[in-house]
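Peer 1: Okay, here's what each chain looks like letter by letter:
There are 2 protein chains.
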Amino acid sequence: MRISGRSIIGFQEGGTTGEVFRATRPWDGTQLLPDFVSATFEEVTLAARLAHEAFATYGRCSGHDKGALLRKIAAKIESMADQVIERAEQETALPKVRLQGETARTCAQLRLFAQVVEEGSWTAARIDTADPERKPIPKPDIRSMLRPIGPVVVFGASNFPLAFSVAGGDTASALAAGNPVIVKAHHSHPGTSEIVGRAVQESVRECGLPEGVFSLLFGSGTQVGTALAQNPLVKAVGFTGSRRGGRALMYLAAARPEPIQVFAEMSSTNPVFILPGAMRERGEQIAAGLHGSFTLGAGQFCTKPGMVFFGDNADAVAFTEKLRQALPSVPQFTMLNAGITSSYRSVLASRKKDPAVRLLAETQPSAEFSVGAALFETDATSFLANPVLADEMFGPATQLVRYSNCAELMEIARSLEGHLTATIHGTEQDLREFPDLIAVLENKVGRVVFNGFPTGVEVCHAMVHGGPVPSTSDGRSTSVGSQAIFRWVRPVCYQGFPDAVLSEELRDTNPLAIWRMVDGELTRQPIGVPSGG
Amino acid sequence: MRISGRSIIGFQEGGTTGEVFRATRPWDGTQLLPDFVSATFEEVTLAARLAHEAFATYGRCSGHDKGALLRKIAAKIESMADQVIERAEQETALPKVRLQGETARTCAQLRLFAQVVEEGSWTAARIDTADPERKPIPKPDIRSMLRPIGPVVVFGASNFPLAFSVAGGDTASALAAGNPVIVKAHHSHPGTSEIVGRAVQESVRECGLPEGVFSLLFGSGTQVGTALAQNPLVKAVGFTGSRRGGRALMYLAAARPEPIQVFAEMSSTNPVFILPGAMRERGEQIAAGLHGSFTLGAGQFCTKPGMVFFGDNADAVAFTEKLRQALPSVPQFTMLNAGITSSYRSVLASRKKDPAVRLLAETQPSAEFSVGAALFETDATSFLANPVLADEMFGPATQLVRYSNCAELMEIARSLEGHLTATIHGTEQDLREFPDLIAVLENKVGRVVFNGFPTGVEVCHAMVHGGPVPSTSDGRSTSVGSQAIFRWVRPVCYQGFPDAVLSEELRDTNPLAIWRMVDGELTRQPIGVPSGG
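These protein sequences, in sequence, are chains R and Y. Under the numbering used here, the first residue of the first sequence carries the number 1, and numbering increases by one thereafter. Under the numbering used here, the first residue of the second sequence carries the number 534, and numbering increases by one thereafter.
If you are wondering where the hints come from, they were derived from the structure by calculation, not from laboratory data. You may find that some hints are simply not true.
Below 27 Å or equal to it, Euclidean Cα-Cα: the simulated BS3-like pairs (lysine-lysine) are [said to hold, decoys possible]:
| # | chain 1 | residue 1 | chain 2 | residue 2 |
| --- | --- | --- | --- | --- |
| 1 | Y | 605 | Y | 629 |
| 2 | R | 96 | Y | 672 |
| 3 | Y | 886 | Y | 855 |
| 4 | R | 135 | Y | 605 |
| 5 | R | 96 | R | 135 |
| 6 | Y | 886 | R | 72 |
| 7 | R | 135 | Y | 886 |
| 8 | R | 96 | R | 139 |
| 9 | Y | 629 | R | 139 |
| 10 | R | 76 | Y | 668 |
| 11 | Y | 609 | Y | 629 |
| 12 | R | 135 | Y | 668 |
| 13 | R | 76 | R | 96 |
| 14 | Y | 629 | Y | 672 |
| 15 | R | 72 | R | 96 |
| 16 | R | 96 | Y | 668 |
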């Protein structure tokens, strides 16, 4: 497939009059062809209008039809995987093996949502049957289910050019729920975005769905994103990126005449607590795992462990030493783009200047466009006094924080802002000695990990990838796993309706054989048949 | 019980230094004793701190213990119902029989939530079991459930002094979910609020729960509410009131360093569509029902039908005439308070001045503090051209809108903003002739009513009382029915945890025998036992 550099607006191709930009090879800063044309305001408006029009049809598609679309997208991406991966490698400097894994994950994610909507119970159908004899007034028949909300805008993320991008988790879950999607491509991997975008566009066409179900817009700056978030036909936004970018979108959305929800995943430092027993028994092993976790993918994961708390004792010395020795094993990294490289360098520089922080080790990159890994250390008192030490360092760096007693550890836990994850390394004895630690951490994060590492986010039914502000804009939601479908829906209820005009999910006979709550009891039985599983 | 006029701050009594105000008898404007003392900023801070502290315990209470609290509150309210109703009648002018019904509804609501949390499946537990053999990397054990979010602030509503007030739906659902609650009493029924508040306070004490589980703060102006919404320990807000008030809270919440969700129910005009067949067959009967619905409770329901659309034909003449004739059957009404009375008078005055609107009938109140009912009429062209004609008139007034053809009807439906409800009166033939009407309306409202009236909101599992902006601040939620519990929770997942430290909901043995999603299948079986219902 030839990359055209033009936006995808339904079944149409974007114009050539917008501002032009190019992707860049992160290894040497050279530009990649072709030119990409930013969408104009008129094109944004057109994409939103097409999406709104498509919603009338697509919002009422069956789970079977939506599943077919998602499966077709997955198959098409697989069929062009070589080209996708080759271009993505050039645009992101992520290794091929990682990109192969991410492609597989993206397709698995699409199929997971296909499975969820084909099965159908996700709609949370509830039926309260009528009681015409009830006194003082008859009880009406009331039935509710989750319904899609309308056009959704998804911002592609820089650090997952596939799994959190054009056909990534937000797109898959929004399409599964029945919402048309407009993707704003991330400007640092536009070619990858276009290839995947064409796969989605072709799938929509081959499934006989209206063109507005999907659009992909290019934009070099913030104008396209701003126009999308302000468009009155857009009903929700999904975003993965910086705290500044996410917060700007949140303000835009809140100031609209009709405010909408922004699901922004912004930043997270992912605290790790190594309790005394675990440190004694497995200190060196934890050090090896931690090194792998914080340097994985050049530390460019939202779940990278960025602060590590442990008691200041003899066991900790061996742990720290092991971690320091591991650092040169991967001496240098090429980051995703020039902006991220420069942010990482500047956060390292300012952390180094902090008088309360000691640089334990760092590696020196030999190439101009590379960065090194860094290991910092501070103590609990300084950490508690200085909130900036809890900020994310996006890149292959982490910070050790020594505490001197249990009370200090609990004070640190209580002082934390919202993060995506928190990790505890401990023995059963440790958990008995810190009985409140889990209870405090579960209020601070979306996922608590025990004796593991936070990187590697399993795509499954129970995953929660989302945490309280400021890690995300709305800690009541996940961007990974099948529960992500609940971002893009709202419950609607139907009172006194004739069976024939109700959606299949709500009909007496339960033709889809889904799980429903009937008069307060979960059942797959039709109405009128006694339940019993 | 003597009414003290002092706020309830945990187990403590508010001070006497704040600004003082009194309740007023709506019939004649006379003041009722005693003086009520507005909470100070320090008292707001104290209530929030107590709530935050209580959350550590209350947020981990079992469903059984939370159920016991809710049931005790219901029993206490019933035991003091006479005093509550007597005071509420004086403060709101609502008839005793209505207040008796509302008391029963409030207690039924508390018990519905008790039942939901005692049963426990509402927590949506999900378990994805581990697979250590999976390639390329082992699959971890991941378990998620819904958890409470922390202190919730509830603003009492003027129009439901019991069911949407101190121990109303928001309080009941927030407590059920495991969140401490701080209620800002509505200034127009402070005595009713205090009596119910003491019932809750005593229940918390008798259940042996920490005092911060509940506080009730008085305030004559907006200061107390503002301070509550801005307090960093507060994690969500529930509000029922004006669009201006709700919007102000939304802005406050969005501008916080840690933005929080505001569930504001603001205004709704609840469109009614009478299709030609229904008008022909049942026009007079619909007119009688409509009159009852729009004048019920002096039209002071958020679900009052405020605009009625029908075809301009001979059948409509009889319908309109019937409605006009019904008007004098209840000639005058006393509204909830002076502010609402004056707003109603001014919205009537401006509607009367609108050249596109005709006053078909109105009744003249004989008493100074009363208001009359009013019936307006306009045509579809004027309605579409003039958005102000879709605004809520809070009080016993409604507006008929004649359309001349199907296309105009559909244009009206598509032009609607978000409302709580939409109603269709139709025959099966009508529904065939307007195939898209339901599909358009379900995107505009939370509840679609067929051949009924929107007033009367059933408290049940399938109810959705909430609609898109501007009817509420967040159309993905309901304030009535058992699904309201989902306002106040977020999912949290636990990776690789030993069974013993997990909540009962997530343990292998499923000791609570709740429904859980295990590896994608709903089951009540323990882990390791094949499912089968």
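Peer 1: Please verify whether residue 135 of chain R and residue 886 of chain Y have alpha carbons no more than 27 Å apart.
Peer 2: Violated, at about 44 Å.
Peer 1: Tell me if the straight-line CA distance from residue 72 of chain R to residue 96 of chain R falls inside 27 Å.
Peer 2: 24 Å, holds
Peer 1: Take the C-alpha atoms of residue 96 of chain R and residue 135 of chain R, compute the straight-line distance between them, and say whether it is at most 27 Å.
Peer 2: With Cα atoms ~69 Å apart, residue 96 of chain R and residue 135 of chain R exceed 27 Å; violated.
Peer 1: Need the status of pair residue 76 of chain R, residue 668 of chain Y: alpha-carbon distance at most 27 Å?
Peer 2: Measuring from Cα to Cα gives roughly 24 Å; hence the hint holds.
Peer 1: Hinted pair, alpha-carbon criterion (27 Å max): residue 605 of chain Y, residue 629 of chain Y. Please report holds or violated.
Peer 2: Holds: residue 605 of chain Y and residue 629 of chain Y sit about 24 Å apart, inside 27 Å.
Peer 1: Given the hinted pair residue 135 of chain R and residue 668 of chain Y, is their alpha-carbon gap at most 27 Å?
Peer 2: 61 Å, violated
Peer 1: Are the Cα atoms of residue 886 of chain Y and residue 855 of chain Y separated by 27 Å or less?
Peer 2: Distance ~25 Å between residue 886 of chain Y and residue 855 of chain Y Cα, so the pair holds.
Peer 1: Within 27 Å, alpha carbon to alpha carbon, are residue 886 of chain Y and residue 72 of chain R?
Peer 2: 59 Å, violated
Peer 1: Taking 27 Å as the top limit, are the C-alpha atoms of residue 629 of chain Y and residue 139 of chain R close enough?
Peer 2: 23 Å, holds
Peer 1: Decide if the proposed pair is consistent with the structure: residue 629 of chain Y and residue 672 of chain Y, CA atoms, cutoff 27 Å inclusive.
Peer 2: 62 Å, violated
Peer 1: Would you check the hint for residue 96 of chain R and residue 139 of chain R, treating anything up to 27 Å between C-alpha atoms as holding?
Peer 2: 62 Å, violated
Peer 1: Are the Cα positions of residue 96 of chain R and residue 672 of chain Y separated by 27 Å at most?
Peer 2: It holds: about 23 Å lies between the C-alpha atoms, which stays within 27 Å.
Hint violations for this structure: numbers 5, 6, 7, 8, 12 and 14, all remaining hints satisfied.
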